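Colleague: One letter stands for each residue in the lines below.
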Amino acid sequence: MSQTKASAKDVTMLNMKNMEVLLFDNRNDQSLMIKEMLKQIGCRVSPVMIKHDCLAKLINGRYDLVLFDHSIPGLDVTSFVNQLEIIDRCMSVAMMVTLPSRFYEGKYGCSGIDYLIFKPFGYEELLLLVREAFQSSLKLKKIILNKWE
Amino acid sequence: METRRKVNKQLDIGDRRKVDRRSGADRRSGWDKTEGHLLRGTLAATASMVFQFSRPFTIILGYVDLLLNRSKEKHTKQKLVIIKEQLEIISEILDDFREVDNFKTKNFDGMEILDTKRLMEEEPNKLDRKIL
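Top line first, the protein sequences correspond to chains A and B.
For what it's worth, the numbering used here labels the leading residue of the first sequence as 1, then goes sequentially.
For what it's worth, the numbering used here labels the leading residue of the second sequence as 150, then goes sequentially.
Because the hints were derived from the structure by calculation, they are not lab data.
None of the values given here were measured: they were computed from a predicted structure.
From the three backbone atoms N, C-alpha and C, an ideal C-beta is built for every residue, glycine too.
It is possible that part of the hints are untrue.
Label pairs and their calculated CB-CB ranges [unchecked claim]:
id, chain 1, residue 1, chain 2, residue 2, range
1, B, H186, A, S79, 32 to 38 angstroms
2, B, I232, A, F103, 29 to 35 angstroms
3, B, E237, A, Q40, 31 to 37 angstroms
4, A, L32, B, V230, 20 to 26 angstroms
Restricting the straight-line Cα-Cα distance to at most 27 angstroms, the calculated cross-link-like pairs of lysine-lysine (BS3-like) are [unchecked claim]:
id, chain 1, residue 1, chain 2, residue 2
5, A, K57, A, K35
6, B, K233, B, K221
7, B, K233, A, K35
8, B, K228, A, K35
9, A, K35, A, K147
10, A, K39, B, K266
11, B, K253, B, K266
12, B, K255, B, K266
13, A, K57, A, K39
14, A, K141, A, K39
15, B, K226, B, K253
16, A, K139, A, K57
17, A, K51, A, K35
18, A, K142, A, K39
19, B, K223, B, K233
20, A, K107, A, K51
21, A, K35, A, K139
22, A, K35, B, K221
23, A, K35, B, K226
24, A, K39, B, K255
25, A, K39, B, K253
26, B, K221, A, K39
27, A, K51, A, K39
28, A, K142, A, K57
29, A, K39, B, K228
30, A, K141, A, K51
31, A, K141, A, K57
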């Protein structure tokens with residue numbers, strides 16, 4: 001019980017500075033820029049370029065947000081998101097997209113993707129996404145901890 | 150004489166192209182089918198353009214933001230603000246292309262160009278546009 005209480009306290013003490021982001025992008029140029037922006041926001045960023053590394057990192061560590069690019073060649077988005085949900089349900093999942101929103105609503109409306117961020121985006125849009133994802137992840141963690149208590 | 154016939158034939162073909170080249174089935178179904186083809190072509194072209202532009206444009210916009218946040222020199226900051234304003238204009242144009250859902254053209258100095266302007270009430274707010 002005391003352990004659970006300590007965890008709950010840890011969760012409430014969390015702030016944007018502690019946010020762990022896993023960035024999955026196969027393009028180094030875009031990944032470098034997003035990593036720099038996330039660091040400026042105050043997040044801790046782990047960039048990965050292949051799916052295997054992404055899943056391995058998720059199994060071995062705790063992340064608040066997974067941000068991945070829709071245009072990664074050969075990536076089956078639905079199956080990937082299902083795998084993410086199996087590993088951690090509290091974590092927010094955001095996908096960087098380019099096409100019209102109707103395309104994604106129809107195709108991935110029922111999947112576990114929490115946020116779509118439309119390219120091109122800048123610092124403000126990324127900050128907004130991180131803030132929303134952090135709040136959502138925090139809420140889910142609180143619900144789970146309350147269930148345990 | 151033969152050359153003249155050929156010229157006449159070419160003119161005929163040319164005239165026919167100008168008039169109506171739809172098949173009988175298309176004629177019976179009216180103009181909807183043709184409009185549908187035009188819309189499909191337009192959607193493919195606009196989506197392709199938005200898709201190709203998005204990555205390099207995101208990288209440029211991101212680095213401009215990073216430089217703006219770090220720069221302390223007044224003149225550099227002013228110029229970066231101008232660059233960012235222009236990038237935001239391009240971003241809005243790309244948004245218009247992304248949201249094209251009907252085939253409409255407008256006349257620009259005698260040339261038909263795609264009309265991407267949406268009605269004011271159709272424009273989504275900033276939050277809707279960036280994050281769903």
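Colleague: If a hint holds in the structure, say so; if it doesn't, say that too.
Modeller: Taking the hints in turn, this is what the structure says about them:
{"no.": "1", "hint": "H186(B) to S79(A): 32 to 38 angstroms", "result": "holds, 34 angstroms"}
{"no.": "2", "hint": "I232(B) to F103(A): 29 to 35 angstroms", "result": "holds, 30 angstroms"}
{"no.": "3", "hint": "E237(B) to Q40(A): 31 to 37 angstroms", "result": "violated, 19 angstroms"}
{"no.": "4", "hint": "L32(A) to V230(B): 20 to 26 angstroms", "result": "holds, 24 angstroms"}
{"no.": "5", "hint": "K57(A) to K35(A)", "result": "holds, 16 angstroms"}
{"no.": "6", "hint": "K233(B) to K221(B)", "result": "holds, 16 angstroms"}
{"no.": "7", "hint": "K233(B) to K35(A)", "result": "holds, 20 angstroms"}
{"no.": "8", "hint": "K228(B) to K35(A)", "result": "holds, 25 angstroms"}
{"no.": "9", "hint": "K35(A) to K147(A)", "result": "violated, 35 angstroms"}
{"no.": "10", "hint": "K39(A) to K266(B)", "result": "violated, 37 angstroms"}
{"no.": "11", "hint": "K253(B) to K266(B)", "result": "holds, 9 angstroms"}
{"no.": "12", "hint": "K255(B) to K266(B)", "result": "holds, 10 angstroms"}
{"no.": "13", "hint": "K57(A) to K39(A)", "result": "holds, 19 angstroms"}
{"no.": "14", "hint": "K141(A) to K39(A)", "result": "holds, 23 angstroms"}
{"no.": "15", "hint": "K226(B) to K253(B)", "result": "violated, 40 angstroms"}
{"no.": "16", "hint": "K139(A) to K57(A)", "result": "holds, 23 angstroms"}
{"no.": "17", "hint": "K51(A) to K35(A)", "result": "holds, 18 angstroms"}
{"no.": "18", "hint": "K142(A) to K39(A)", "result": "holds, 26 angstroms"}
{"no.": "19", "hint": "K223(B) to K233(B)", "result": "holds, 15 angstroms"}
{"no.": "20", "hint": "K107(A) to K51(A)", "result": "holds, 21 angstroms"}
{"no.": "21", "hint": "K35(A) to K139(A)", "result": "holds, 25 angstroms"}
{"no.": "22", "hint": "K35(A) to K221(B)", "result": "holds, 22 angstroms"}
{"no.": "23", "hint": "K35(A) to K226(B)", "result": "holds, 22 angstroms"}
{"no.": "24", "hint": "K39(A) to K255(B)", "result": "violated, 45 angstroms"}
{"no.": "25", "hint": "K39(A) to K253(B)", "result": "violated, 44 angstroms"}
{"no.": "26", "hint": "K221(B) to K39(A)", "result": "holds, 19 angstroms"}
{"no.": "27", "hint": "K51(A) to K39(A)", "result": "holds, 22 angstroms"}
{"no.": "28", "hint": "K142(A) to K57(A)", "result": "holds, 23 angstroms"}
{"no.": "29", "hint": "K39(A) to K228(B)", "result": "holds, 24 angstroms"}
{"no.": "30", "hint": "K141(A) to K51(A)", "result": "holds, 25 angstroms"}
{"no.": "31", "hint": "K141(A) to K57(A)", "result": "holds, 20 angstroms"}
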